[in-house]
Amino acid sequence: MTNILNISKLSKTFPGANGGTVALEATDLTVAENDFITILGPSGCGKSTLLRMVAGLDTPTTGSITLDGKTVSGPGADRGMVFQSYTLFPWLTVLQNVCFGLREKGLPLPEQQDKARHFLAKVGLKGFENHFPKQLSGGMQQRTALARALANDPRILLMDEPFGALDHQTRELMQELLQGIWEAEQKTVLFVTHDIDEAIFMGSRVVVMSARPGRIKCDLPVPIAHPRHYSVKTTPVFTELKAKLTEEIRIEVQRAAGLMGV
Amino acid sequence: MRPLQPVSPGTRVVLGVSFFILFFALWSAVTFSGYVSKTFLADPLTMVRSGYDLLVNQNFAYDIGMTVWRVLGGFALAAVLAIPLGVLMGAYKPIEAFFEPFVSFARYLPASAFIPLLILWAGIGEAQKLSVIFIGSFFQLVLMIAVSVGNTRRDLVEAAYTLGASDRGIVTRVLLPSASPEIAETLRMVLGWAWTYVIVAELIGASSGIGHMITDSQALLATDQIIFGIIVIGVIGLVTDFAFKAFNRKLYPWARL
Numbered sequence: 001m002t003n004i005l006n007i008s009k010l011s012k013t014f015p016g017a018n019g020g021t022v023a024l025e026a027t028d029l030t031v032a033e034n035d036f037i038t039i040l041g042p043s044g045c046g047k048s049t050l051l052r053m054v055a056g057l058d059t060p061t062t063g064s065i066t067l068d069g070k071t072v073s074g075p076g077a078d079r080g081m082v083f084q085s086y087t088l089f090p091w092l093t094v095l096q097n098v099c100f101g102l103r104e105k106g107l108p109l110p111e112q113q114d115k116a117r118h119f120l121a122k123v124g125l126k127g128f129e130n131h132f133p134k135q136l137s138g139g140m141q142q143r144t145a146l147a148r149a150l151a152n153d154p155r156i157l158l159m160d161e162p163f164g165a166l167d168h169q170t171r172e173l174m175q176e177l178l179q180g181i182w183e184a185e186q187k188t189v190l191f192v193t194h195d196i197d198e199a200i201f202m203g204s205r206v207v208v209m210s211a212r213p214g215r216i217k218c219d220l221p222v223p224i225a226h227p228r229h230y231s232v233k234t235t236p237v238f239t240e241l242k243a244k245l246t247e248e249i250r251i252e253v254q255r256a257a258g259l260m261g262v
Numbered sequence: 001m002r003p004l005q006p007v008s009p010g011t012r013v014v015l016g017v018s019f020f021i022l023f024f025a026l027w028s029a030v031t032f033s034g035y036v037s038k039t040f041l042a043d044p045l046t047m048v049r050s051g052y053d054l055l056v057n058q059n060f061a062y063d064i065g066m067t068v069w070r071v072l073g074g075f076a077l078a079a080v081l082a083i084p085l086g087v088l089m090g091a092y093k094p095i096e097a098f099f100e101p102f103v104s105f106a107r108y109l110p111a112s113a114f115i116p117l118l119i120l121w122a123g124i125g126e127a128q129k130l131s132v133i134f135i136g137s138f139f140q141l142v143l144m145i146a147v148s149v150g151n152t153r154r155d156l157v158e159a160a161y162t163l164g165a166s167d168r169g170i171v172t173r174v175l176l177p178s179a180s181p182e183i184a185e186t187l188r189m190v191l192g193w194a195w196t197y198v199i200v201a202e203l204i205g206a207s208s209g210i211g212h213m214i215t216d217s218q219a220l221l222a223t224d225q226i227i228f229g230i231i232v233i234g235v236i237g238l239v240t241d242f243a244f245k246a247f248n249r250k251l252y253p254w255a256r257l
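Heads up: the protein sequence lines correspond to chains A and B, in order. So the first sequence is residues 1 to 262, counted in the numbering used here. So the second sequence is residues 1 to 257, counted in the numbering used here.
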């Protein structure tokens, strides 16, 4: 597999008093084609900052990001993003929302709608094309946001705790749905989460980040075969990895809370 | 009655109408009883009778038409210029930094105080009346529209960028639609203020309009006519406000969800 995303010596310092806040220390990460990488860390570890820099929404203080060899210098359609907050455009219907990026690309309307319908069916939202976002539940809104990002056919899909605002049961359903789509579409995904179960279940690699200042602490492969069924969450391989990650994260959370000397 | 508890639509109408009834009852009581002299305040019946006389014998409908045209004309002119400027200011911060301090200053300049100057510059014709309305509404509109556009949710803008939107796309496909309902609300509110300016403009140097009729009636101590004029303005204001509200609701159904 070839690496499509290369992150090297990437750091971010937010300006402020005392030299500012270091959100991310020099970080290296490579992502191979069709990889599903979950970035796991406590809140405030800079994992969202890392993702936002890949998306081009934040500018790095040092270091560089290249996608297919091209340096990332701003946001673009080649990197689709699903946010934690509900970011569907409230004045557009579900179908129009999914068409947004396609229209920006200049596709003819019938083609836009065909594509949008295809992806809406994939996320199980057939029949909701003419609803407005506020008429949908949180889970349905995030599914629409996923369809909207996928319809644009990005090289890499960036997901910033996309299921973070959903209740536990809905979140598990969404994980399975995304897992199924990834297995079928073979997309490259960078997925940020603070949920250990989610990180293992979704990822083919779990990258653990340390508390402030953020840096990559370890990078573990998930040796669970695809297709994954939700029942893998009770297998020994899963629980063993979970125990290990729980320990790693626990130390970071304690450090972040100031409960332990550095 | 408890804080913030909603009231049923039927009760709302009954309560709203009953205050009007109470108002007229009180007015009738103090005038018909002779408690307040006719010189100072006409009774409702005289007011209605002279209102009929104004409309039928004194061509008052023409005055109403003139006033409505002045308000709508001056306001439309202000809106046509204020919307693009306000949107640009809300979207592009350097443009905002350039205009905002002056516009903030200009909106505190009282439109009515400009009337002597405007008469000097534009005479006592229609241009002067329209200018008063324009000055009174333009600066307010610009500022409020700029704020509405500037308040667009940042995450929606970011989402649009990650979907490949260009800067132009951000303005036309995110900022504008997102701010549209609020811009429409702003137009509705400022139109209400425009009504108060037009009367002031017509009190001085006008030969037609509701304000002109009121000044004429003042010379004759015709309180019945003055009150009728004021009520006509109120009714027209209320009707345009309702129409505007209904129009906005129809235009932006998603904003109410």
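Take the hints with a grain of salt, since some may be wrong.
[Claimed, not checked] Partial list, computed: chain A residues near chain B (C-beta under 8 Å):
no.	residue
1	Ala-55
2	Met-81
3	Phe-83
4	Pro-221
Worth flagging that the hints you see were computed from the coordinates, not collected in a lab. Ideal Cβ placement from N, Cα and C applies to all residues, glycine included.
Status of each hint after checking the structure:
1. Ala-55: With Cβ-Cβ at 6 Å, under 8 Å, it holds.
2. Met-81: Hint on A/Met-81: holds, closest Cβ of chain B at ~4 Å, below 8 Å.
3. Phe-83: Where the cut-off is 8 Å and the nearest Cβ of chain B is about 6 Å from A/Phe-83, the hint holds.
4. Pro-221: violated (28 Å)
Violated hints amount to a single one, hint 4; each of the other numbered hints is respected by the structure.
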